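Residue numbers (the numbering used here), protein chains in the order written: chain A, 1 to 224; chain B, 1 to 224; chain C, 1 to 220; chain D, 1 to 220.
These are calculated hints, taken from the structure and not from any lab test.
Just so you know, not all the hints are guaranteed correct.
As a list, the in silico DSBU-like pairs of lysine-lysine whose alpha-carbon atoms are at most 35 angstroms apart [as the list claims (entries may be wrong)]:
#: 1; chain 1: B; residue 1: Lys164; chain 2: A; residue 2: Lys164
#: 2; chain 1: A; residue 1: Lys75; chain 2: A; residue 2: Lys17
#: 3; chain 1: A; residue 1: Lys138; chain 2: C; residue 2: Lys141
#: 4; chain 1: A; residue 1: Lys144; chain 2: C; residue 2: Lys141
#: 5; chain 1: C; residue 1: Lys141; chain 2: C; residue 2: Lys67
#: 6; chain 1: A; residue 1: Lys146; chain 2: B; residue 2: Lys78
#: 7; chain 1: B; residue 1: Lys146; chain 2: D; residue 2: Lys141
#: 8; chain 1: C; residue 1: Lys141; chain 2: C; residue 2: Lys8
Label-pair ranges, simulated between beta-carbon atoms [stated by the list, open to error]:
#: 9; chain 1: B; residue 1: Gly63; chain 2: D; residue 2: Met125; range: 21 to 29 angstroms
#: 10; chain 1: B; residue 1: Lys146; chain 2: C; residue 2: Thr209; range: 45 to 53 angstroms
#: 11; chain 1: A; residue 1: Glu198; chain 2: D; residue 2: Gly57; range: 21 to 29 angstroms
#: 12; chain 1: A; residue 1: Ala38; chain 2: B; residue 2: Gly19; range: 55 to 63 angstroms
#: 13; chain 1: C; residue 1: Lys62; chain 2: D; residue 2: Lys141; range: 54 to 62 angstroms
#: 14; chain 1: A; residue 1: Glu201; chain 2: D; residue 2: Gly186; range: 47 to 55 angstroms
#: 15; chain 1: B; residue 1: Lys75; chain 2: A; residue 2: Glu198; range: 51 to 59 angstroms
No experiment lies behind these values; they were computed from the predicted model shown.
Just so you know, even glycine gets a beta-carbon here, dropped at the ideal spot from N, CA and C.
Listed below are the residues making up each chain.
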Amino acid sequence: MIEKPVISAAEAAAMVKPGHVVHIGGFLGCGNPDALVAALVDSGTKNLTLVCNDTGIYNEAKGIDNGPAPLIRAKAFKTIIVSHIGTNPETQRQMNAGESEVVLVPQGTLAERIRAAGNGLGGILTPTGVGTEVEEGKQKITLKGKDFLLEVALPGDVALIKAKRADKAGNLVYSKTARNFNPIMATACQTVIVEAEEIVEIGELDPDQVHTPSIFVDFIVQAE
Amino acid sequence: MIEKPVISAAEAAAMVKPGHVVHIGGFLGCGNPDALVAALVDSGTKNLTLVCNDTGIYNEAKGIDNGPAPLIRAKAFKTIIVSHIGTNPETQRQMNAGESEVVLVPQGTLAERIRAAGNGLGGILTPTGVGTEVEEGKQKITLKGKDFLLEVALPGDVALIKAKRADKAGNLVYSKTARNFNPIMATACQTVIVEAEEIVEIGELDPDQVHTPSIFVDFIVQAE
Amino acid sequence: MIEYVENKQIIARRIARFFKSGDVVNLGIGLPTMVGNFVPEGVTVILQSENGLMGLGPAPEKGHEDKDLTNAGGMPVTVLTGGCFFDSATSFGIIRGGHVDFTVLGVLEVDQEGNLANYKIPGKMVPGMGGAMDLVAGSKKVITATTHLEKSGTSKLRTRCALPLTAAHEVDIVVTDVGYFDVHDGAFHLREYFAPYTPEWIVEHTNATVVVDPGCFEFA
Amino acid sequence: MIEYVENKQIIARRIARFFKSGDVVNLGIGLPTMVGNFVPEGVTVILQSENGLMGLGPAPEKGHEDKDLTNAGGMPVTVLTGGCFFDSATSFGIIRGGHVDFTVLGVLEVDQEGNLANYKIPGKMVPGMGGAMDLVAGSKKVITATTHLEKSGTSKLRTRCALPLTAAHEVDIVVTDVGYFDVHDGAFHLREYFAPYTPEWIVEHTNATVVVDPGCFEFA
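Next comes chain A alone, as it looks inside the complex (with noise of 0.2 angstroms):
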């Protein structure tokens, strides 16, 4: 097996450039690449497009600011395209100033357009929003009988995730909950860079038991 080049956060950082369509896992806080995310806001890149299941939650009071929460404070979104913007009233307010756009994407039609495009699939077909606003511009295909939305593929060119353990060939374990859009994430985009809380040999995870296969992985990053 080929070994993936270990690099700093900074380096991984650097990697994303503006105008990138850039995926990061993680769910309300919970699996984020939380080191990368921070490199990101580090860099100053801006104008980058979003695609997460949030905006992270964001609590002055609480000093709660998590996800990608310290992104959208730094403005280094042009496009948010997400399933939730509740707990981060800093999203609300620069959609509502009309400083970024924000896309509400129902969470289960935004998993399988992020699995579509790591897939090589054009799209599927969900039910999921019919008659609602989310139909809005769709082509609604009828099948026996059911109404479903065309729903397409939403690739990216970065992404940064979260895994447990990567061994030194990129293959990746999660953990609980913390696996959530990581995996298809990994799928979906061009450059895949993962950060890791542990680094192990190759050889050392059970073949049957990762979760995603070495090939999707570009670059390693070791977790602070």
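With chain A fixed as given, assemble chains B, C and D onto it according to the hints.
Chains B, C and D only, in chain A's frame:
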């Protein structure tokens, strides 16, 4: 957690009724539920539709008769939906003689159609088969200049699958390449029956390493 | 004269009675989460959490939180023995694929056509739909849990939702703190009422078509 | 006068030279499988097997077969350290998603438009496409491996395939036992020839448009 009934292969086979669509896991003899297939042959049930990767390997000279091959020889199927029949001359004979209808589906499309059924999708858009006989009678959808075929979900009445290990709740772990179609079929059928090599207590499987969550499994059969 | 007093507990208690052992249930954040506390003894339901967990357990004791183990609201939880984890595509495959028996969720409005609205007040508050649209479109039974009246005194049960819909024609059951309704054929069918409220009071205090079911009785 | 003698080894040897370290490669059953034996030292390719395996290793020693570890032909194989297993949906997600750099497969016919046929001879032999249609539609580069001439003396390289297609316009490279061709712009472009054959012999013995590339040379 609720325990699932542990039943005999004959009891399992009796749940398969004439006219049923039966998904059978496995890939050219690897990871097939052999005891369930044998019991279904013994039950004498006919007029079934098979969904499987292949029709097994049948080679009288070499004494090979695996996967769904015994059911093919028993003429259990009216319709056979598979990706490959090249290793079972009896399937070819039945097809040419008009004794059964054989529908050939590209392997990746078969996998996605099964997954779609289990995942509440009406179908998926795949580039596979564009410009070939596979596109006949299907809707073609062009996205950003690329053609895709709309392939619809393929649900089943009963799934007969094979696992390495089941806990009594029905959580499953597969072994090596014996995994193949088994996990996706577990999601796609009304009744899911697993033939497990080992049945272990609830709590013995690592919750991060379960391949099929218990809620998909209805009955457990101890493999011979 | 009956005075309306909010009572979330009765809502949670009644909803918990719908479940039988083995049911897979998804409970939304807030009031729906309370339902878990009222599941009768002897009934074992399996709680699904859409962030990727089957077999959701109670909150951990203080100091025993696991940063990698949260619910769909990002709060620390535990997993029961026999539970398991999966990614978001699988989680919503379970939901959309009809493998969840009941989804329980809160509403801003629900109407007699089975429409519900709970993710957006245009120009005011737009939290986003999160997993709600998939849960409502995919679950076998959709139960909405809501206090009956807004602070203004209007009921949350409407003839027609005014807010953007989370899903159309998907609500099966509405449980408020005055009664339980089945939703079908363009009406809220009152099946049970909760004292001190009476069917008459409920009809009068609901801004929609309420049909009192012939077998309607008082739930205790 | 050059006499044509089938030589599968040169095909496998030449194809193996296309790979660089880290490439993900799927080798079809039969002749394509032989390619694995010729990967140059110092080049580490990762073999994918569409039945659900990354890091395919050599056949096991006799008596060390594992019934749960086979290749896409159902034959016993091994897995290399650092390999892993996955289900069929994931396996074809890898294939269709463009994560396989090269797929190498045999053909019944291949034509100058990049079409290939390898799964069906109507009324005669219908093995089925198995994973071939996905592999050809999804892989970054499609290499077909075939002896140049049929027993009848006609070349397998055609102007237009007569058999049902496995995929349209997807073949990038054709390697036969007389030479290596790039397929584009409606022609087989001869890039290398294998002794004792000459470009002239190859043009004469191919039932299709062959363009001898200006930089064409003898591969040794």
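Worksheet item: Hint by hint, which ones does this structure get wrong, listed from lowest number up?
Response: Of the numbered hints given earlier, the structure breaks none, since each of them holds.
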